[in-house]
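Asker: So you can see what is in the structure, the chains are spelled out below.
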Amino acid sequence: MSAHQEKIEYSKKELSPKVLQIGFLLTLIGLVISIAAYFAEPTRAAFMNLVLLMFLISVGLGSLFLIALEYLAGAVWSAPYRRVIEIIASVLFVLPLVALPIYLNMNDLFHWTHAGIMKEDTALANKSGYLNLTFFSIRIVVFFMLWIIFYLILHRNSLKQDSSFDQTLTKKGIKWSAVFMPVFAITVTFSSIDWIMSLEPHWFSTIFGVYYFSGTVLAGLAAATFAIVLLNSKGYLVKGIKEEHYYSLGALLFAFINFWAYIAFSQFLLIWYANLPEETYWFLSRWEGGWLAFTIGLAFVHFVIPYFALLSQPSKMNEKRLLTMSVWILFAHFYDLYWLIMPTYSKGKFVFGWNEIGFILLGFGLVVLFFAQFSKNKNLVAIGDPKLKRGLDFRL
Amino acid sequence: MKDKILYGYTGIFNTPDAIISAANEASAKGYRKFDVNTPYPVHGMNKAMKLPPSKLGYAALVFGLSGTLSALLLMYWISAIDYPIVIGGKPFFALPAFVPIMFEVTVLAASIATVLTLIIVYFKFPNISHPLHDTDYMKQVSSDKYGICIQADDKLFSETEVIDFLKSVRAEQITPIYFDNEEVNNKTTVFDKKFIGLLVAIAIVVSIVTYSLLNKAMYTIPFNWMMEQAKVSPQQKSTFYSDGFGMRNPVDGTVVRGQMPYQFKGNPEMAGQMLVNPLAMNIENLNLGKKKFDIYCSPCHGYFGNGDSRLRGQFPNPPSLHSEKVRTWKDGNIYHVISEGQNIMPSYASQLTREERWAVVLYVRALQRAQNAKESDLQ
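Taken in sequence, the protein lines are chains A and B. Residue 0 is where the first sequence starts when you use numbering that gives the first Met the number 0, and the numbers rise one by one after that. Residue 0 is where the second sequence starts when you use numbering that gives the first Met the number 0, and the numbers rise one by one after that.
A few of these clues could be false.
To be verified - Derived DSSO-like pairs (lysine-lysine); straight-line CA-CA distance at most 27 Å: (1) K241/A x K28/B; (2) K49/B x K388/A; (3) K46/B x K388/A; (4) K319/A x K46/B; (5) K319/A x K49/B; (6) K46/B x K238/A.
Claimed, not checked - A few chain A residues facing chain B, derived, Cβ under 8 Å: (7) S127; (8) Y129; (9) F264; (10) L268; (11) W271; (12) Y272; (13) N274; (14) R394; (15) L395.
I should point out that these hints are in silico values taken from the structure, not numbers from a laboratory. Glycine is no exception: its CB is placed at the ideal position from the N, C-alpha and C atoms.
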């Protein structure tokens with residue numbers, strides 16, 4: 000490569016204050032409606048709060064996963080915009096705050112927190128060693144701490160490189176990513192079990208952790224794709240991010256859409272085939288009442304439409320298509336979490352109204368707000384990364 | 000060399016960057032009919048050569064979707080029309096069960112069709128010769144060099160200009176490539192009589208050898224060691240016994256260990272009079288009876304003996320066990336029906352041991368008592 004010593008064209012540009020304003024506005028409106036929802040129907044709002052929490056975990060943790068994946072795989076193509084993904088992951092800081100109202104409403108959400116029920120029911124009594132409020136609280140606190148600690152380690156490590164250009168920092172990042180990966184695998188699985196699967200404490204599905212993982216990565220990836228494509232088209236990032244990079248992001252999105260569909264269908268097929276009453280009722284409560292249309296809609300919103308929208312090669316390189324589809328996929332993930340959580344609140348009767356809209360606005364608002372806030376005084380490109388030049392030279 | 004026709008000019012490069020920039024220059028200069036040959040796929044070559052997006056994807060899409068559809072039709076015809084069987088209580092047209100098959104056939108059809116389309120449409124099979132074959136150029140670019148070949152049928156082609164161009168991009172070993180005799184006459188060797196004859200001969204030899212190995216050799220000494228043993232196999236002829244049967248009946252009057260012959264075959268009255276339940280009415284025996292009743296009896300008789308079959312009308316419902324008739328039956332009568340069967344009900348003697356049958360009788364008594372409790376039970 001002849002142009003090895005060529006200087007990287009990046010001039011630091013602060014994010015336009017508009018982004019912060021949009022994030023602030025969305026968060027404010029969302030917050031007002033959500034608080035009103037809490038006053039109107041506290042249980043319903045608490046369920047929706049759980050959907051919001053899982054959405055934010057997905058975006059933050061999915062981004063952190065992508066960072067660790069880049070370090071471990073030695074990928075060069077994503078090095079020019081790893082910093083953007085790092086800043087998106089900062090939304091992890093808000094998790095304890097979002098989880099607090101849920102923690103105060105545990106009795107309304109989680110059937111297993113009622114001490115009497117746990118003793119009477121043999122199936123639940125056997126699970127009480129895992130499903131009890133003390134152990135649950137410990138897990139939640141430990142998980143939140145682990146995620147934030149790993150985020151700080153990986154992000155600070157990368158920030159240091161901006162000024163020192165020290166190549167050993169990349170090696171350090173690889174080591175910490177190797178430690179993070181198993182932690183991620185365990186925490187994401189148990190988070191999905193704790194927060195979503197335990198809503199129906201009798202029900203179990205061994206593939207559930209993988210199901211939530213596929214959505215997590217998809218959400219992180221969609222948020223990253225949206226931010227990268229938008230920032231790059233407005234010239235905030237380094238020169239040289241081109242169609243090839245867009246194509247790779249689009250291809251990864253496409254792959255995870257398929258992965259999600261594969262896992263979701265596997266879960267459904269096995270339960271449908273075995274036809275065991277202790278498993279089928281979970282799907283049945285999403286099949287009856289108004290939920291049937293919503294369930295079939297999930298397959299279209301989360302799989303069929305994005306599948307055909309991203310199938311062809313040119314569509315994966317098209318800026319506009321990528322922007323629409325990444326927002327679409329974020330919505331689809333919200334849809335998916337709504338489908339996982341809300342039927343437990345309202346069995347046999349589909350619900351959606353103004354109570355829910357506040358939390359959706361809050362979800363998107365918080366991600367934008369944290370992105371704008373945490374990008375202040377930072378380079379939007381990891382300019383000290385030794386892989387940056389090779390990443391820009393990336394060709395398909 | 001009277002058929003010497005120029006095919007094109009080739010040049011060799013040493014690095015992937017050099018071949019990319021050469022391809023860039025060639026396409027910028029307006030050459031369209033040129034090709035590069037590299038030992039491995041070089042990233043960015045499509046763009047450098049200004050190749051349009053490949054249309055091969057459409058073949059994959061069309062054949063893939065036909066695969067999905069034909070798998071769906073196949074499964075529909077097999078399981079809903081030609082040979083419908085109830086599997087696990089699912090409908091005959093059980094779409095979720097077909098999805099894995101549809102998925103696999105889609106992948107298979109798309110991949111095979113893509114490869115075949117590539118070979119037939121793009122490589123123009125059965126034409127298997129190419130002017131670049133067996134050249135010094137091809138030897139080098141298939142091991143460690145990168146080559147470009149500008150074809151003579153390009154609109155802008157002129158010998159001096161192409162040589163100048165290749166020199167200007169610093170190509171080494173600039174050589175002309177000629178069609179040889181066979182290629183000019185456009186003869187293909189795939190449908191050569193000798194070649195086809197050889198294929199047919201091989202097919203015949205392989206078939207004969209396989210057939211005789213599997214159907215003849217396996218049954219001749221010494222390849223049949225396991226087949227021929229010095230023992231009497233089931234259904235085998237015997238030369239030892241006068242009647243010629245290898246399998247023998249037990250000696251008259253002997254009983255298999257643990258078996259008790261049933262002495263009231265076809266005689267329910269006697270069974271009712273003579274038989275007494277040997278089991279005590281206690282919780283162990285009732286639990287055993289409940290377990291066996293739930294497994295073997297309840298599918299037709301219902302869990303409480305009301306005759307509410309769970310078989311959704313696929314089998315006639317039996318009468319209730321709480322009728323006056325059954326309630327006034329002796330234990331021996333019920334035992335007799337379980338052992339011998341009655342009307343459409345088969346014998347359960349092979350599923351339930353003697354003791355289990357009596358336990359079921361106890362449980363049926365308990366069910367009857369529960370439905371028609373006496374005054375004294377309430378106190």
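Asker: Now tell me, hint by hint, if it's right for this structure.
Answerer: Do the hints match the structure? See the list:
With a CA separation close to 25 Å, the supplied pair K241/A and K28/B stays within the 27 Å bound. With a C-alpha separation of about 25 Å, the suggested pair K49/B and K388/A falls inside the 27 Å cut-off, and the hint holds. Only pairs whose Cα atoms come within 27 Å are accepted, and K46/B paired with K388/A is accepted, the gap being roughly 20 Å. With a CA separation close to 22 Å, the supplied pair K319/A and K46/B stays within the 27 Å bound.
Annotation: proposed proximity of K319/A to K49/B holds, straight-line Cα distance about 24 Å (limit 27 Å). For a cut-off of 27 Å, the pair hint linking K46/B to K238/A stands: about 19 Å separates their Cα positions. Below 8 Å, beta-carbon pairs count as interface contacts, and S127/A has none with chain B, the closest being about 28 Å; its hint is therefore violated. Hint on Y129/A is violated. Least Cβ distance to chain B is approximately 31 Å, over the 8 Å limit.
Annotation: interface hint on F264/A holds; nearest CB of chain B at approximately 7 Å, less than 8 Å. The interface hint given for L268/A is met, as the beta carbon of that residue sits about 5 Å from the closest beta carbon of chain B, less than 8 Å. Satisfaction of the interface hint for W271/A is found here, the shortest Cβ-Cβ separation to chain B being roughly 5 Å, below the 8 Å cut-off. Taking 8 Å as the C-beta contact cut-off toward chain B, the hint placing Y272/A at the interface holds, the least distance being around 7 Å.
About 6 Å separates the beta-carbon of N274/A from the nearest beta-carbon of chain B, less than 8 Å, and the hint is met. Residue-level restraint check for R394/A holds (minimum Cβ-Cβ distance to chain B is 3 Å; threshold 8 Å). Proximity of L395/A to chain B holds as hinted, the smallest CB-CB distance being about 6 Å (cut-off 8 Å).
Violation of the numbered hints given earlier is confined to hints 7 and 8; the remaining hints are satisfied by the structure.
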